[in-house]
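Those protein sequence lines, which keep their order, are chains A and B. For the first sequence, this note's numbering puts the final residue at 345, and the numbers step up evenly by one. For the second sequence, this note's numbering puts the final residue at 345, and the numbers step up evenly by one.
FYI, nobody ran anything at the bench for these hints, they're computed from the structure. Check the hints yourself; a few may be wrong.
Listed next, the in silico DSS-like pairs over lysine-lysine satisfying Cα-Cα at most 30 Å (straight line) [to be verified]:
| hint | chain 1 | residue 1 | chain 2 | residue 2 |
| --- | --- | --- | --- | --- |
| 1 | B | K149 | A | K149 |
| 2 | B | K149 | A | K306 |
| 3 | B | K149 | A | K262 |
| 4 | A | K166 | A | K228 |
| 5 | A | K183 | B | K183 |
| 6 | A | K149 | B | K262 |
| 7 | B | K166 | B | K262 |
Protein chains: 2
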Amino acid sequence: MAKKDGKKKRSPEPRTRPPALRDVLRVPEGERLDLTAYDAKAVPAGPTDKASGLAATAALAPRLADLQDRLYASSTAGDRRRLLLVLQGMDTSGKGGTVKHVIGLFNPSGCRIRAFKAPTPEEQNHPFLWRIMKALPQPGEIGIFDRSHYEDVLIARVRELVPRSQLGRRYAQINRFEKSLADDGVTVVKVFLHLSYEEQRDRLLERLDNPEKHWKFSPGDIEERAMWPSYREAYEIALERCSTDEAPWYLVPADRKWYRNWAISRLLLEHLEALDPTYPAGDFDVAECRRRLLAT
Amino acid sequence: MAKKDGKKKRSPEPRTRPPALRDVLRVPEGERLDLTAYDAKAVPAGPTDKASGLAATAALAPRLADLQDRLYASSTAGDRRRLLLVLQGMDTSGKGGTVKHVIGLFNPSGCRIRAFKAPTPEEQNHPFLWRIMKALPQPGEIGIFDRSHYEDVLIARVRELVPRSQLGRRYAQINRFEKSLADDGVTVVKVFLHLSYEEQRDRLLERLDNPEKHWKFSPGDIEERAMWPSYREAYEIALERCSTDEAPWYLVPADRKWYRNWAISRLLLEHLEALDPTYPAGDFDVAECRRRLLAT
Chain A
50 MAKKDGKKKR
60 SPEPRTRPPA
70 LRDVLRVPEG
80 ERLDLTAYDA
90 KAVPAGPTDK
100 ASGLAATAAL
110 APRLADLQDR
120 LYASSTAGDR
130 RRLLLVLQGM
140 DTSGKGGTVK
150 HVIGLFNPSG
160 CRIRAFKAPT
170 PEEQNHPFLW
180 RIMKALPQPG
190 EIGIFDRSHY
200 EDVLIARVRE
210 LVPRSQLGRR
220 YAQINRFEKS
230 LADDGVTVVK
240 VFLHLSYEEQ
250 RDRLLERLDN
260 PEKHWKFSPG
270 DIEERAMWPS
280 YREAYEIALE
290 RCSTDEAPWY
300 LVPADRKWYR
310 NWAISRLLLE
320 HLEALDPTYP
330 AGDFDVAECR
340 RRLLAT
Chain B
50 MAKKDGKKKR
60 SPEPRTRPPA
70 LRDVLRVPEG
80 ERLDLTAYDA
90 KAVPAGPTDK
100 ASGLAATAAL
110 APRLADLQDR
120 LYASSTAGDR
130 RRLLLVLQGM
140 DTSGKGGTVK
150 HVIGLFNPSG
160 CRIRAFKAPT
170 PEEQNHPFLW
180 RIMKALPQPG
190 EIGIFDRSHY
200 EDVLIARVRE
210 LVPRSQLGRR
220 YAQINRFEKS
230 LADDGVTVVK
240 VFLHLSYEEQ
250 RDRLLERLDN
260 PEKHWKFSPG
270 DIEERAMWPS
280 YREAYEIALE
290 RCSTDEAPWY
300 LVPADRKWYR
310 NWAISRLLLE
320 HLEALDPTYP
330 AGDFDVAECR
340 RRLLAT
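Next up, chain A with everything else stripped away, as it sits in the complex (with noise of 0.2 Å):
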């Protein structure tokens, strides 16, 4: 995506249509990633005030609600494919509004939701892929993750829990996985929500004035909070060594909700778009059925 201070490439050509988002949002792989260079508040493509953000999301409900019904539809002709939605970010960056908001516009029965919290004991006890694993998206469904397998080299790094040997290994058994996924069918769309320092002590802010907001909070949100920095560096490494073409990590500003909501929803629309499923055909006797149902 655009950086904050980057020179602006000129087309060639005049375009038609603009450029898809997941090329303009998308993290190169293998490139050092300087996460402050990126604007938090940017709107590198499509709507740039909220009215036109709204209208642009709502106008791109029924679309995704078509292409999750073929989705589902294909599914049951034996067609394997599905997408999972990864979304991480720093608290308050808004995983659980795009959960509400975007995820919303879809069939809540062919979603299939899972947020994940520190590891139970049972979880710890196994390989980190293993909860992973059972929260995967059947053949057809939209699958989502709040909070993901990143997690175990995150909050994994920053606060030491594991060996740092260990944890250069789990970069490549990540991608490993991933291809895994892509290979067994599985559209694997990871969003990193970028919010700003300062826009998150906002919201923590508005979590304190609100009491029907407190359930949210924790003065252990500030000790976090604390360790920005260390949190930014382990994104970075994360982030660029796990943007494969398999799966790749898309940037998407987040200081603005509307945004956040209409580039997440535009970002499903272009792999569902991708996929084209199709409505699988009946294998019976469309005329001799209607004949048999009017004779009831």
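Chain B: place on chain A using the hints.
Just chain B now, with coordinates in the frame of chain A:
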């Protein structure tokens, strides 16, 4: 609910507000039930035409979402309460449509949806309630069963999948199971989608006439339809034996989709309002946290 030919009871005094829908639609416990006496096109309470029905349902949405948010918030402070919506009805009665249009009004992250199909070999090796228990909502969640343990006294009875003596014991097993759920804080809302024989024919024909809906059709649906009277009888027995105080059955006229959606939304609202979940108070010093945050 009001029967086709039922005499309307006159209230002794003029009512200032309409009766709760749960009282109107509730199936009486232990009384002989004759489903043919109920009009599947009826609008026994609430809106009486499509436009006002759609508007009334949309008007419930923010209240439902608010109550769901409170229920979830409350669970983070140890409240074990949750709601389980059980959907049963003949083929095409609108179980899937209810999930899409009614459950779609909620935040998807707090919904746990499970569609029960024919039991897998593993499920068949367990008692019939085993797979049900694994799919229950967690505290704070809204669970939705698209079909349920009632299939084990419906299709199991019609297709004679188990000996009649075993079947007879299942009603009591179900009642004990549902009582144990209630004791554990689960509000069980069981909805029978009451569809007419004629409307089912129309809906099956609609699927045949639209190639994009062929995947929802199977010639086996016509064979199932031929057993309509047996299914109706199985429903009558299940509903009258298992409409208990702890887990009543509601009979929702389902020929009109807009009425079905309004009625189920309204039933959920009444049950959530009765729970009256509240946001938990924070156990931290707000002023102190504010001060610490502002210093970051």
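Against the structure, the hints come out as follows:
no., hint, verdict
1, K149/B / K149/A, "holds (15 Å)"
2, K149/B / K306/A, "holds (25 Å)"
3, K149/B / K262/A, "holds (28 Å)"
4, K166/A / K228/A, "holds (24 Å)"
5, K183/A / K183/B, "holds (14 Å)"
6, K149/A / K262/B, "holds (28 Å)"
7, K166/B / K262/B, "holds (19 Å)"
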